[in-house]
Amino acid sequence: MAELSELSDNELVAEITRNKSRALEELYDRYSPVIYTLAKKIAPDEKSAENIVVDVFSLIWKKAKELNLSNLCVYTWIITLTRNKAIDMLKRSRSAEATLDYYDDLYEDNFIIPVLSEEAEHLDIKQVSKDKEKIENALNGLTDIQKYVIHLAFYEGYNINEIVERLGIPKETVRAKINTALNRLCDNFYEGS
Amino acid sequence: MSDQAVNEMMSAFAVGCMDKENYTNFKKHIESKSDLPYGELGRLQAIVTMLPFVLEQEQPPAHLKNHVGRRLMAIQDEMKEKLKSGKTLIIDTNQKRLTKTKTSATNDSFAQLAAANETPAAAPRELHVEKLTFNENKITSETMAHHSESSTLSVLWIVVIILILMVLGLAYYGYNRYYELKEEIGKLDNSLTSTKTELRSTNEFITKNAALIEFFNYDNVWVVPLSGTDPSSKVSGKLYVALTEKEALIQVDNLPNITPDKTFQVWIVSKNQTYSMGKFFIEPGSKYVKLTNIPGIPKEQILQFKITEEPRDGSVVPSGQIYAVGLAKSSGNKTMKKY
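Those protein sequences? They're chains A and B, same order as listed. When we follow my numbering, the leftmost residue of the first sequence carries the number 1, and every step to the right adds one. When we follow my numbering, the leftmost residue of the second sequence carries the number 1, and every step to the right adds one.
Hints are not guaranteed to be accurate.
[Stated by the list, open to error] Not the full set, but computed from the structure, chain B residues with beta-carbon under 7 angstroms of chain A:
(1) C17
(2) E21
(3) S34
(4) Y38
(5) L41
(6) R43
(7) A46
(8) T49
(9) P52
(10) F53
(11) V54
(12) L55
(13) P60
(14) H67
(15) V68
(16) R71
Source of the hints: derived by calculation from the structure; they are not laboratory data. Since the model is a prediction, treat every value here as computed from it, not as a measurement. C-beta atoms are modelled at their ideal positions from N, C-alpha and C, and glycine is treated no differently.
Same shape as in the complex, but just chain B (with noise of 0.2 angstroms):
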């Protein structure tokens, strides 16, 4: 840049008629003492503040000063009240208008200001920035024990509230697990008594099919149904055979009662011959009644199984009323293999 253009610049600026961007340039550029002719500066500065001499000087109003004085007070208090609380100093000194305040009766608030500032009983005299800060520090530890005191009642409070509720919570959980757990008791004593009447019936039936039970313990048991000779008979039953250990059990129901000089007699009717199994009598309560040592007739060689009626010692041949038939070869026979 030319010297004319700085010369310019500094004259422009010295008179105040710089453009906004161009004066914060500017004044950036005096500010961080750059190379500037600042002596030349200063003088054209000076030249232009003697100026107003040139005017018909004019004595202010008298109720000026005291505007001015009232005004310096109320800074004064302002800087004051900033201290106690802590906070910066910020005091607007755009224009305001100028309003008569109640503060005092006397027109010489200059006085009321140095009385303010020069007695030692006054409010504190250094309002500058050191012991503003001493100042402030002091009210900074006063200030946060207060503000110490109000946190440690919060953290109480919020303390106390998440007791509440997590005890709340528990007691929510207890409940529900309370009844689940009930629910569950019930369930399970349903699932016993089932269990138990399962169990009473497994025994009951073991206890009612005991003889059958044991006797399927014998290998290749003979299974032959029995039915009644008549159509209108209700005589059914079956008759297990055991021919290796020459054993046979009887399940027959619906036989008529008899006197108590017969007897019903079992028979193994071969191709030749008719062989007594054995005898029986029809005892309440029981199922099955077992025969032994039944003759050893070859399996090929039985036609049929048959009940009679027959005198109380039993008889040697058949010949008393036939009660119920059981055909060898019948669809119904099956012979049950002990696995």
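Next up, chain A with everything else stripped away, as it sits in the complex (with noise of 0.2 angstroms):
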């Protein structure tokens, strides 16, 4: 049997479908720093950050066959599960009003469980990481609000009605912008490779 370390995400991903514990061992060792880090960049604490870290594998665990994740791009997938997360967490804690439904596995499966595009192409982290150079490079191709609208959205979890009203601008505006942004990013990174 091949190490797990040479195994891709797919292949890692089909393992733990076979309940092999290392395997997840493996996707850990893999996956943690790039998911706690995204997960302390949004969570309110480190503590939060934590509990997101175990949550996003205990979920990987107990999701993988029942979505096929073995299919799927498991890093776009496991990345946008880390980002759902961690805003989850993020709106429950900005206010104790907020009227956020109650998490039960209804939830999680509506909002939390990403929903991917079947042609999405298949990235792997180890892939990824190498073109760490090439992303910071097609993110300094946005303008500074292109920057800022991606920010609030995918960092700080807000909608396009509360961007909306941060930014004092109109919707279409912000809609706009945040299809420019990402088109151009798109356009960047690829034309970079």
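Got two chains here, each in a separate frame; can you build the complex from them with the hints?
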């Protein structure tokens, strides 16, 4: 049997679906830094960030077979899951009067578990980590306002209406800016390759 | 919807800034595999997830790995418990405070998890859905046997209770019925007694009045009241005369006792003459005296009847004391016709 470290993310997840805890450990070793970093960036405190990491891997263990995770882009799925968990925790911590829904299995399936395009490119964390410089360059190619709206949306968890309120610009402008920013980011990244 | 609008929606979805309603609708759109540029959406989703790598990567604390391992072990134990109870596994993966457990002294929880999963003698290795179903079936049949046993016992208890209630009901009914019947028998007894009494009195009446009853078999019985000649006399009675049959019945009370050489004699007094109907003696216990072969005098010629005291052998004409008289045309006269 091949070493777990030699397996791709998808192959690793396939092992996880067979209840191979060592495979999950390998996945933890690969993903924990970026998950922890992202969680720490978004979550209100360090303890929350740690909880997010534990929750993410619990969900991977629980949902891998159910969602046929080995056939999806594992990297995109895990990062999106981490971001969704962190934003949810952030929103709940923001206000005691928040009217967020009760966190149960249904809520988790509807708003936390990512839904990905089936035509998404299968990214590998090892490859992505190698492309760090390209990503930075692509991001630097955006205007400040474009970076800011992406930051507000991705890291702060604001929706369009809330961004409109913060920036005091029309909704159509916010939508257009987000769309332009992402498309330019894509263009910058892929043109850079 | 324009391409521009679709692109904007895909970007908003990819970066995660859709409001709840739009997010739900767009998600359903994707899950239903509606017409969308899925390649473009995939590209946008991918690029967004690369952003965290721009951040300065941090290694998580060392203890975090063990926390994850312990959480997974807890999940596994919970799944086993759920299997045993036959329930669906629901695990709350919401944020939890990380607390140290007392399960193991070692820090390598992944090793423990691996040992638990990979040791043959360990608890069931396979926890995915198919095996879960198989084990559920096995547990379910045992559970069903246990349940059916409990159900049988419950049914037996219910049957026993119903039987006891039926017996009590029957006993109560029987008790009530017994007393009802007893009461009815008492009433019947009383009725029988009164009927017997009535019958006895009727028999006595018939016995006492047999002569009268027989006499009333005749047609046109002439009833003539008799009374004493003296106002102070207590003599009274009735003379029943059947002229056609030439018989008469006398019923008279309070006649005085006469000496053995004397007798009472009954007379018909007509316009021209007095005729003897016959003589009689007072016999104790006999209420009526029957006279036969009385003279066949037409009724319209009869003025009165009288009872006198005569010598024992009788008299041709009334010569003794008159004790009772009955007028032929008095208001008390009746003619009883047999129906």
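Evaluation of the provided hints:
1. C17: 4 angstroms, holds
2. E21: 10 angstroms, violated
3. S34: 12 angstroms, violated
4. Y38: Since the shortest Cβ distance to chain A is 4 angstroms, the answer is holds.
5. L41: 4 angstroms, holds
6. R43: 6 angstroms, holds
7. A46: 5 angstroms, holds
8. T49: 4 angstroms, holds
9. P52: Constraint on P52 of chain B satisfied, holds at 4 angstroms.
10. F53: 5 angstroms, holds
11. V54: Constraint on V54 of chain B satisfied, holds at 5 angstroms.
12. L55: 5 angstroms, holds
13. P60: 4 angstroms, holds
14. H67: With a minimum Cβ separation of about 5 angstroms from chain A (threshold 7 angstroms), the hint on H67 of chain B holds.
15. V68: Because about 5 angstroms separates V68 of chain B from the closest Cβ in chain A, which is inside the 7 angstroms limit, the hint holds.
16. R71: 5 angstroms, holds
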